[in-house]
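Visitor: One-letter residues, chain by chain:
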Amino acid sequence: MSGELKVIGKPFPLRDAKEKVEGSAKYSADIQLENMLHAKILGSPYPHAKIKKIDVSQAQKIKGVVEILTHENTAGITYTSVEHKPMSVLEQQVRYVGGPVAVVAAETEEIADKALEAIQVEYEELPAVFDPVEAAKPDAPKLYPEGNIADAVPGEPLCEKWGDVDKAFKEADIVVEGTFKTPIQPVTPLEPRASVASWDGKVLSAWVSTQFPHRVKEDLAGVLGLPFSKIRVISHFIGGGFGGKKQEEYPLMAALLSVRTNRPVKLEYSREEETIVGRRRYSSVEKIKLAAKKDGTITAINFETYYDVGAHGNFVGGSLGLLVSEFYVYKFENAIFKVYDVNTNLPTAQPFRGVQFPAYLFGLEQLVDQVAEKLGIDPAEIRLKNTYRTGDKMYPYGATLGNFPVEELIEKGVKASGFRNSWTGWGKPVKVEGSKRRGIGMVFTMGWGGDWMKQCSTATVKIYPDATAELITGAQDIGTGCNTTLPQIVAEELGLPLDKVKLTAGDTGLTPDDWGACGSRTLRSAGTAAHEAAKKVKAVLINTACLRLNATRKDVECKDGVLYVKGKKVQLSEVIKEPVSAAHKNAELETVAPLFDAHYMGGATFHVAEVEVDIETGEITVLRYTAVEDVGRAIDPLIVEGQMYGGALQGLGYSLREELLFDQKSGKPLNPNFLDYKIYDFQDAPNIQLIIVESNEPTGPFGAMGVGEHCINPVAGAVANAVYNAIGTRLYEIPMSPERVLKALGKI
Amino acid sequence: MANNKSIININVNGIMHTIDVENNWTLLKVLRDEMGLTGTKCGCDKGQCGACTVLMNGKPILSCLTLAVAANEQEITTIEGLAVGGNLHPLQESFIEHHALQCGFCTPGMIMSAKALLDENPRPSEEEIKYSLRGNLCRCGSYPKVVKAIQDTAKKMEARE
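Chains as they are written, first to last, in the numbering used here: chain A, 182 to 929; chain B, -15 to 145.
With a straight-line Cα cutoff of 27 Å, these simulated BS3-like cross-link-like pairs (lysine-lysine) come out:
no.: 1; chain 1: A; residue 1: Lys859; chain 2: B; residue 2: Lys114
no.: 2; chain 1: A; residue 1: Lys716; chain 2: A; residue 2: Lys635
no.: 3; chain 1: A; residue 1: Lys849; chain 2: B; residue 2: Lys30
no.: 4; chain 1: A; residue 1: Lys681; chain 2: A; residue 2: Lys750
Quick caveat, the hints were computed from the structure, so don't treat them as lab data.
Isolated chain A, as found in the complex (with noise of 0.2 Å):
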C-alpha cells in the first residue's frame, strides 16, 4: 500500500512553519487590540482558607483600575471541566497558595499590579493537607464537604479486578513487591497561558492558549449565558500544550471583565503563574505486587495507588485510566487496581502527556525485573513472555488488540541500542570504571491509539471547480504537526498536491466541533473524520459527474484532481461550477463495557536506556536512549520524530530531575521558574535514538495512530532498571537525584 501513497510518509515543511519562523505568527499574547485593558490576578498567601472579608475600595481609587472581579461580584458562575471538580471562577474558600481570590482590569500592567496591592482581604485560615496519602484519612483537613477521595463515587477509590488474585499469590513461585514514589511536574510550556476576550456588544472574541478551543467556546457560553453561535475562541498558534492547556478559569475571567467593562481584555499568567495556577502531573504512591510462576508467566497484579489531584482535580486521568487503557499491558488473569483520586492543598492536577502511565511504568516495570532477575530470565524475554500479541482479548472486558509488532519492536530495539554488547547479565553491572557504574535497562509498554471521544470529531471538505480543496476541522494543533497531517491525509485521498489542499482551523467561528487535542486522539480521531469527508465529497464529485455528463458511476473515476470518463479526462470546471462539500462526523465506536472500546489500538512501545552513574556523587548520566514505537503509519516522519524526541526528553527530566517542591508548613512553591525548576536543554539531552515502527493499524487513516502521548510512558522505568543493573540497588522514588542515589547507596 505504502508504495501507493504519494503524500503520506512523506516529510513537508509544517504548513504554520513559516509565520513560526519570521516571528508573524500569533500567539494568544501577541494580540495587541485598540483601547485594551490588562487583567493581573490575586494569589491566595494561604494553602487553604475562607475569605471572611475582602474590601476593594481602595485599589478601585487608584487612577486607571476599571473593573475587579471577587467571589462576591461573580458568586454564582460557575463551570465544569471533564478534568476537575465543578468550579466558580472566583471561589470564597482558596484551596492552594496561588489561587485567585481577585482580578484586576487596569490601563496598564502597572496599574493592575499596584491595584492587587491596595485589595484587602481577610482570611481565615483553615488546616492544609499536602500528601495525598494522609488527604485520604477519615480525619484529614478537608478541602470539600463530601471529603479529599475525588472518585466518581466520591469518598470510595476506583476498583477494577477480575480472577482471583488471593489463590494466584497463594499459588505463586514468586512474589515481588514495591512501594513507589513520584513527584508533581508542571507542564511548563515555553508560552505562558494568556487570553485576550474583546466583546462587541454581539459577540465575543476570545483568543486563549488551549488544546480545547471548541470546550472554551462551552465554558464561556456558560459563564456569560451567551449562546454558542455569539462566542468565538481563536486558537491559531499555541506555544505547547502537553496535556496541561485546557479548560480553566482564566479566560472566563477576561472574558467577564471585557464583557462588564465593554473593553477588551489581556490576561497573561506570568511564569510563576503558569507553573502554579496551570496545571501539572499527579504524584503518587503506588504500591505494586505481582505473582509469578517459575516460568516467569507474571499470574496477578495487586496494585493499588494514591493519586495527588491537588486542589480542584477530579478522578479523570488518575482512576479513569483504569476504565480506559494500558494498565493491562501484560496478560494479568488476576488483578486488582484500587486507585484513590486525593484532593490536597496543592495546585490542580490535570492529565500531563502519559497521565499516569509514566509513574506506572517506573514502578511495574521494576518489578517485571525483579522477577526476571529471580528466575534467572533475559529481560526482553520475560517481556516477550508476559504480553499480549495482535488479535489477543484482552482482560477485563474482552477488547480485541489491534496490530501489535512486540517481536519487531523488541528486536529493532534490542539490535538499535547495543543490548546485547552492553548487557552482561543480572547483578553485573555493564563496566566499572573508578567510581563510574554503567548500566543498561529496558521497557515495554502499550500506548493508546487515540480512540478518546473520537465520535467528538467532524470535518468537513469542499473541492473547488479549479481542483484544489479545504479542509475545515475543529482539531486543534498544538505544536503537534495535526495542521500539517491533516492536510495530508485530504491531499492523498483525492489525490491532491498537498499545497492544493488549504486547511481552515484554529477559529470555533468557522469551524465544526473537536473534543480536543488530548490523549493522542487527534490523528486516529480527527483524521479519520477528515479521511472519510474526503471520501464522501468525491463521491459526491462522481455522482455529480454521472449527472451532468450521462455516465454511470463505474464509468467515472477522481484522480489527481482530474475525473476521467471512460478513461477521458474531463476537467473539474467541466462538472462544477461551484465548490461541493462533505460533512463527517464519526461514529460511536463498539464497546465491550462503558468506556471499553471493542477494538484496542495497541501503540507499542519500546524503551532502552544506558547510563553511568558515579557513585561518589550519585551523578546520572543518560549515555544513550533507543526509542522504538509503532505509529501505525507515518504520515509525516519528522513529526513523529519531534514526537518522540518530546516524549523522551520530557521522561528523562521526569525521571531525573523535575520535581516541584512545596514548603511543608506554608504550602508555598519553592521552585516555580526554569532556574529552580530544570527542564532539559541542549547541552543535557543526550543521544536518541528512535526508530519508527508502521503496523497499519487497520482502523487508523492511512493505518496511522496517534504518537505523542505514550512516548513517554516508559522513561522512568527505562532509566530506573538501568541504573539498577549499574549499582545493584533499586531506586522507588523519582526524580532519581544525586541525593536519593546516594541514599539508596546507604552514603548518607
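Using the hints, position chain B against chain A.
Guide: Frame of chain A; chain B shown alone:
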C-alpha cells in the same frame, strides 16, 4: 518628583525610531508593546528561557533583562528583521526544512541565538552549537533537529561563499 521617562533613539531592523519610554521598561516590552514586534516572545521575563533573545549590535542579548534606555543609540535586530526583501534567512529556511520547531514559541529566540553564533563562528561543531544555545529552552523536544538545522545552514552558507 524625579523624571522617570526618557526619549531613546534605537535602530530596530535597520529603521531608526525615537520613542518615549519609562526608565523601568525593558527592551522586550518596548519591542512588543510599543513597536508591535511580537515575534520576540516572553516566556519567563526573568532571563531564564531565552525566548526573548534579540541581537544588540550583532550580539545576542536577553531583551527581558535589558532596559530600553540601555538600548539607546544601539542597533537591534529582531526575528522580524532577518528576512531580506521577502527572502527568508538561510537559518529560517533550514529550520523549516528540518522541522526544527514544534509549537514554535521558542523558535524566534533560537534562531536569533543561532544567527549570532554563525556570524561569529561560521562552522561550529555540534558541541559549540549546544553550548551557544544552552540558554534557549524548548519543552517540545526540538533540540536535536535544531542542531541539524544549524549545521546544515552552516554548510549551505559556506557553499554559497
